[in-house]
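Chain residues, written in single-letter form:
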Amino acid sequence: AQKVTQAQTEISVVEKEDVTLDCVYETRDTTYYLFWYKQPPSGELVFLIRRNSFDEQNEISGRYSWNFQKSTSSFNFTITASQVVDSAVYFCALSEAWGNAGNMLTFGGGTRLMVKP
Amino acid sequence: DAGVTQSPTHLIKTRGQHVTLRCSPISGHKSVSWYQQVLGQGPQFIFQYYEKEERGRGNFPDRFSARQFPNYSSELNVNALLLGDSALYLCASSPDGYEQYFGPGTRLTVT
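Residue numbers (our numbering), protein chains in the order written: chain A, 1 to 117; chain U, 1001 to 1111.
What the hints contain is simulated information worked out from the structure, not anything from laboratory work.
There's no promise every hint is true.
[What the hints assert, rightly or not] Anything over 12 Å on all C-beta distances counts as not near chain A; from chain U, calculated:
1. 1004
2. 1031
3. 1075
[What the hints assert, rightly or not] Derived DSSO-like pairs (lysine-lysine); straight-line CA-CA distance at most 30 Å:
4. 1052(U) to 38(A)
5. 1052(U) to 3(A)
6. 1013(U) to 38(A)
Glycine residues also receive a C-beta, built at the ideal position from the N, C-alpha and C atoms.
Modelling step: build the complete structure from the supplied sequences, incorporating the hints.
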């Protein structure tokens, strides 16, 4: 069975601070995909990134970066120089590889990030 | 291109009633999935459809059913509503089976 754990329920930072959101996952599959989604107060889940289990390269996109480590089953997300607009609930998710038919996402419980001015 | 659309935005129902939620995927996407998100929790997978066939079902009772139409839009039906069915229902479509793009959701309140 798949499981995703986001141990940090809430994080509060002051604008311009760096913040890391932790994600630990469990799966018995050798091929899987990891995701991060952002959910602002409006409620819509916004796709941020997808990584597959064969690619452990870290990725950077602007102020966002992701650290994938298979050895510790972690896929952490760092926001550099946080801004008030980053305030949202962030979800880490895991899926097995079903192929072109799609996949089932297993979500963590989410981390609420509050960035204060 | 338009994103995933869902209707209605909000809905209030009484216990025992049934409800139908609708979803239109992004143009070209053939896979649609449904998730339930209870307040304060992560979304839980309900169904996944691809080319009008059910490809996956989560741990939900038979009161929940869904279907996908030839134009790839989808409906989620819930019968005999319970107070615990109150949640945000999210629809997601996928272009390649891996990246899922979510709609704004339908907030269902059961009284």
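Hint-by-hint comparison with the structure:
| no. | hint | in the structure |
| --- | --- | --- |
| 1 | 1004 | violated, 9 Å |
| 2 | 1031 | violated, 4 Å |
| 3 | 1075 | holds, 17 Å |
| 4 | 1052(U) to 38(A) | holds, 29 Å |
| 5 | 1052(U) to 3(A) | holds, 28 Å |
| 6 | 1013(U) to 38(A) | holds, 29 Å |
Violated hints, in rising order: 1, 2; the structure is consistent with all others.
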